[in-house]
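Chains B and C: place on chain A using the hints.
Chains as they are written, first to last, in our numbering: chain A, 218 to 352; chain B, 198 to 531; chain C, 17 to 632.
In case anyone wonders, no lab produced these hints; they're calculated from the structure.
Watch out, some of these pointers could steer you wrong.
Cut-off 20 Å, straight-line C-alpha distance, at most; resulting in silico cross-link-like pairs (PhoX-like, lysine-lysine) [stated by the list, open to error]: (1) Lys182/C / Lys311/C; (2) Lys270/B / Lys182/C; (3) Lys311/C / Lys278/A; (4) Lys132/C / Lys505/B; (5) Lys244/A / Lys332/A.
Covered stretches of chain A (chain C as the covering partner; in silico rule of three or more C-beta atoms under 8 Å from a C-beta of chain C) [stated by the list, open to error]: (6) 267–274; (7) 288–299.
FRET-style restraints, in silico, Cβ to Cβ [unchecked claim]: (8) Val234/A / Asp614/C: 50 to 58 Å; (9) Val273/A / Cys273/C: 31 to 39 Å; (10) Lys364/B / Glu414/C: 27 to 35 Å.
Just so it is clear, CB atoms sit at the ideal spot from N, CA and C, and this is done for glycine as well.
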Amino acid sequence: MSSIEVNPQTADTNSKVKKIRSFYDRKLLPVAKSLRDRRLLLFDLTPDPSRSTYYVQRARKTVMPADFEEGGCQSPEDLEVKLQALWKNGGVRGKGAEAGSVMAKLAASIAVLSKELYAVEEQDAEVSPLTYVMF
Amino acid sequence: MRQVFEYDPDIGYRYIPGLKARMPHESGGYLIRANEMGFRSQREFIPEKNPGKRRILLFGDSFTVGEGVSNEKRYSDLLEKQIPELEIYNFGLPGTGTDQQYLACRKYASGIDHDAIMIVVMVENIRRIVARYRYYLDENNAQVYYAKPYFELSGGELVLRHVPPKKEPVRDSEIPLEDRAFVDRGGRFPRIRTFLIKTKLEKLAPNTLTRFIPYTPYTPYPEYNSPSHPAWRLMEAILEKWIKEQKKPVLLVPLPPHIFIEEFRVANYHKRFSELTLKTGCAYFDPLPDLKCYSMEERRGFRFAQDKHPSQAGHVAIAQAFAPAVRKVLEGAR
Amino acid sequence: MSKTVLGISAFYHDSAAALVRDSEIIAAAQEERFSRKKHDPRFPVNAINYCLEEAGTEPADLDAIVFYDKPLWTLDRVVENCLMMAPSGYEQMEKALRSILGVKLWTEKQVQHHLKSLGKAGKLLYTEHHLAHAASAFYPSPYREAAILTLDGVGEWATTTIGVGKDDRIELTHEIDYPHSLGLLYSAFTYYCGFKVNSGEYKLMGLAPYGDPKYVKLIYDKLIDVKPDGSYCLNTEYFGYLDRLVVTNEQFNRLFCGMPRQPESRISRKEMDLAASIQVVLEEIVLKMARHVRKSTGEKNLVLAGGVALNCVANGKILKEKIFEGLWIQPASGDAGGALGSALLTSHMYFGEKRRMNPNGRDTQKGSYLGIGYSPSEVRAFLERHSYPYERIPDLKERARKIAAALAEGKVIGYLAGRMEFGPRALGARSIMGDPRRQETQAQMNLKIKYRESFRPFAPSVLAEDVATYFEMDVESPYMLLVAPVRNEKQIQTGWKEALRDGGDDMLHVINQARSDIPAITHVDFSARVQSVHPEDKRDYYEVIRAFKDLTGYGVIVNTSFNVRGEPIVCSPANAYKCFMRTEMDMLVLEDCVLWKDKQPKMKENADWRKEYELD
Chain A
218 MSSIEVNPQT ADTNSKVKKI RSFYDRKLLP VAKSLRDRRL LLFDLTPDPS RSTYYVQRAR
278 KTVMPADFEE GGCQSPEDLE VKLQALWKNG GVRGKGAEAG SVMAKLAASI AVLSKELYAV
338 EEQDAEVSPL TYVMF
Chain B
198 MRQVFEYDPD IGYRYIPGLK ARMPHESGGY LIRANEMGFR SQREFIPEKN PGKRRILLFG
258 DSFTVGEGVS NEKRYSDLLE KQIPELEIYN FGLPGTGTDQ QYLACRKYAS GIDHDAIMIV
318 VMVENIRRIV ARYRYYLDEN NAQVYYAKPY FELSGGELVL RHVPPKKEPV RDSEIPLEDR
378 AFVDRGGRFP RIRTFLIKTK LEKLAPNTLT RFIPYTPYTP YPEYNSPSHP AWRLMEAILE
438 KWIKEQKKPV LLVPLPPHIF IEEFRVANYH KRFSELTLKT GCAYFDPLPD LKCYSMEERR
498 GFRFAQDKHP SQAGHVAIAQ AFAPAVRKVL EGAR
Chain C
17 MSKTVLGISA FYHDSAAALV RDSEIIAAAQ EERFSRKKHD PRFPVNAINY CLEEAGTEPA
77 DLDAIVFYDK PLWTLDRVVE NCLMMAPSGY EQMEKALRSI LGVKLWTEKQ VQHHLKSLGK
137 AGKLLYTEHH LAHAASAFYP SPYREAAILT LDGVGEWATT TIGVGKDDRI ELTHEIDYPH
197 SLGLLYSAFT YYCGFKVNSG EYKLMGLAPY GDPKYVKLIY DKLIDVKPDG SYCLNTEYFG
257 YLDRLVVTNE QFNRLFCGMP RQPESRISRK EMDLAASIQV VLEEIVLKMA RHVRKSTGEK
317 NLVLAGGVAL NCVANGKILK EKIFEGLWIQ PASGDAGGAL GSALLTSHMY FGEKRRMNPN
377 GRDTQKGSYL GIGYSPSEVR AFLERHSYPY ERIPDLKERA RKIAAALAEG KVIGYLAGRM
437 EFGPRALGAR SIMGDPRRQE TQAQMNLKIK YRESFRPFAP SVLAEDVATY FEMDVESPYM
497 LLVAPVRNEK QIQTGWKEAL RDGGDDMLHV INQARSDIPA ITHVDFSARV QSVHPEDKRD
557 YYEVIRAFKD LTGYGVIVNT SFNVRGEPIV CSPANAYKCF MRTEMDMLVL EDCVLWKDKQ
617 PKMKENADWR KEYELD
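Bound conformation, chain A alone (with noise of 0.2 Å):
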């Protein structure tokens, strides 16, 4: 039984694709080309041979029952409000003031498309043979 019932394959979804689109195309995008711009990296792509070792230190070692609070949202509206609260502190591994001022532009826009987008996945049964299912 699927988790969310849902109207696969109809003028619905159709324009819910589009709202990725415009929201990939016109907010993303340019945040993209600004972290670019200032030569912000979000994460290593190649190795470092300079590097002693790639293991990073955690920032939390424990974990307090605070912590079991936190990871999820319950609306749209709460969701921009972490998001904003993340990103400001440059996202879960801090990447830096900067970087997470130029992400926090996004928080907006990602709550509104979660309006569009939500209850619009189907639960597939199906898991993909063809990359590990990492979202």
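This is chains B and C only, laid out in the frame that chain A set:
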């Protein structure tokens, strides 16, 4: 989902002894436990009475066994809380008719010491007793038909047929020609029902239709309209035989489905049951007036939105309504 | 005060639920077993229903409901990935956002919708993905203190973590983050060699012994930089998972001189050699990590979890190198184990519950028999309802003798008894058994029972006290997570490698060679993935093997999972019966009932039933 019933050559089926299962349901799901005798109960049914306890043996269908709620939330278990000396052995079996409930009493309850018997006849059962086959949904949600034992009136005597009933389910097309008129397909208008289910209008229908029914000529259960209706004569004969065989007091209770609780149409079954109780001398209680005292909003909350069975609130209201009649029967049984 | 916690994993692969009460594991199960959809990623309504059933608990009575992942953090990773890859990667981004913004962020709503409650906490809790893995490895282990190593494809960001567990507390100190992932590296080769990602990794592991590791240097030169401490960094130029929907890309193809193998096509020497090579690389990295963890934490025991920990050949190497005194691996090391880990983590580090150690010094995973069981009454009710002929043998030893006698005659037996295993391996609760002494057993069981590729070996279940008699192993291995060689003196050298090269990569004539006196479970390199059976964990299964030993002198049998290829392991008596009738098994055991194939009625079924399950 687990298989919850096992074949019984006399009744048709009962719960698998010792079963512990959680049933998916619109309420979020509910737990059921069956004892070693194959009835839903937290306790084993033993012949001797427990010291200091007054015992009632209770018979009925899914409304009595508590489909949709777990064992301790049923009206029988709630009655025990209201009347501390009371112990109820709930022999309810879902999907059965009064005929099968009588057979269950005969097979499993004889030899169990008790103070009284309660026969709760869900009004719709009048259709089930004339049926030779009933439909069920199996664990794959496919519609299958099972043969059931049934009584026929022959020369004024009850004759039992289809015992043992065929074990395996049959498809609609496999039902013998002579039996095709005696198949309970779930209501008088199975095609409308199927349409409502397929179009998902059924989810809207329960509340919508109920509001309009009083304004239509539709009469639920016309079998109760006349004492000479064949279905009522059969019901009367079964109940009369059952009651007369008892050595202890019997409390007879017609339990109305939501359609009577939620609208103003006069219940046509009350007269028939009253006549029967005069004939047999058994105790009688009609809970409908008590249930109609609640607000319409509360009454709608007595059943689940999709499922017609009593909700937790429904069982609370039923227990509340039954309590005085039960106390009275126990008094009379001293 | 006793706390009851429900843990949920969902929406990636292998959804599952687990319930912990008073720090004790009460129930755990994967959704696929109920839904019959392999690796079912959907919200695990059935698994949750089972857990609540086992505990006799209603959702409103749960002290907490916890999810094994932080979707908000995953969204952070997805968005950062898109920003890094833009302007390429639109297709992947679209799929990712639809999934996360459409479903995964709203997990609390889903829980409320399905359970009609969020438990007493009134809200859904969340654990970090790798912390859930770490908890699943540490808390059920037999160790009061241990080093922790988790390795998988990716959680929110982390792909590898290192830490320490002490009494009730876990600390993760270091990590490696996306896009650098051993799990993704291995999956890339899985895909390239023509197997399915997310499910075919262990096939690649099984293929490795057939090949020569001739690509190791190329892998190190081009794909991955590994430091002496085992930390690593991938060269993402060669991988497709950052900006497309396939895990490799054209650069990868060029590096290995060709397109990926088509699934179901003939396996060539190239795939064998690639499998061998990536296995060597994986092992070397894992061993370096293990040594580093030993040194940096000072702990003498190690616990492992995460999908990469299912690579039991690598696990066997850790054991063999004696880097640690003790090694324990969570049987449900993949995502399903996250449900268990999140529930345990919540019990101990949210509610502060004390850990329960097993007084006999073993683990508290209960043999991983944590899933649904069916009473003898339920089995009989099923058989009677369908009028399937059976013989009831309530006495355990008598039944064991009957089964053992059939095994010794070469019969193949389907076995359903007790609570279902939690994790990908069958451990004698939902198993198909065979005689390991017969040369033809492997081919017969592969082709006529499992309907699968024949290069894959079967695994042995051996009496706990006889492990060292057959294998170079001196520890218990109850969960089939350790590979060890068959004892030297039992090995029969066949010159198979040369024969394979001369035979033009045709594995078939190599597979059926007897490489020991228990050929059905001896892989081409003499290795075996061992399950040691302890009477305390699974008495009935132990008695069967014991009876087989009494008859034949061999305290070891073939154990493979009870399913056909592409199908999840069977769950119920009805599943077991169906599988039994669809294959050429000879006998079926359902609790205390024994059924013979030749006595069963002909099954009325669609001849195309094999299309019911997509090949995995």
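Comparing the hints with the structure gives:
1. Lys182/C / Lys311/C: 17 Å, holds
2. Lys270/B / Lys182/C: Given pair Lys270/B, Lys182/C is violated - Cα atoms ~44 Å apart, limit 20 Å.
3. Lys311/C / Lys278/A: 19 Å, holds
4. Lys132/C / Lys505/B: Holds, because 19 Å separates the two Cα atoms, which is no more than 20 Å.
5. Lys244/A / Lys332/A: Holds. Lys244/A to Lys332/A sits at ~16 Å (cutoff 20 Å).
6. 267–274: As far as the stretch 267–274 of chain A goes, the hint holds, because 7 residues have Cβ atoms under 8 Å from chain C.
7. 288–299: holds (count 6)
8. Val234/A / Asp614/C: 50 to 58 Å: Since the Cβ atoms of Val234/A and Asp614/C sit about 57 Å apart, the hinted range of 50 to 58 Å holds.
9. Val273/A / Cys273/C: 31 to 39 Å: 35 Å, holds
10. Lys364/B / Glu414/C: 27 to 35 Å: 28 Å, holds
Consistency with the previously given hints fails for number 2 only.
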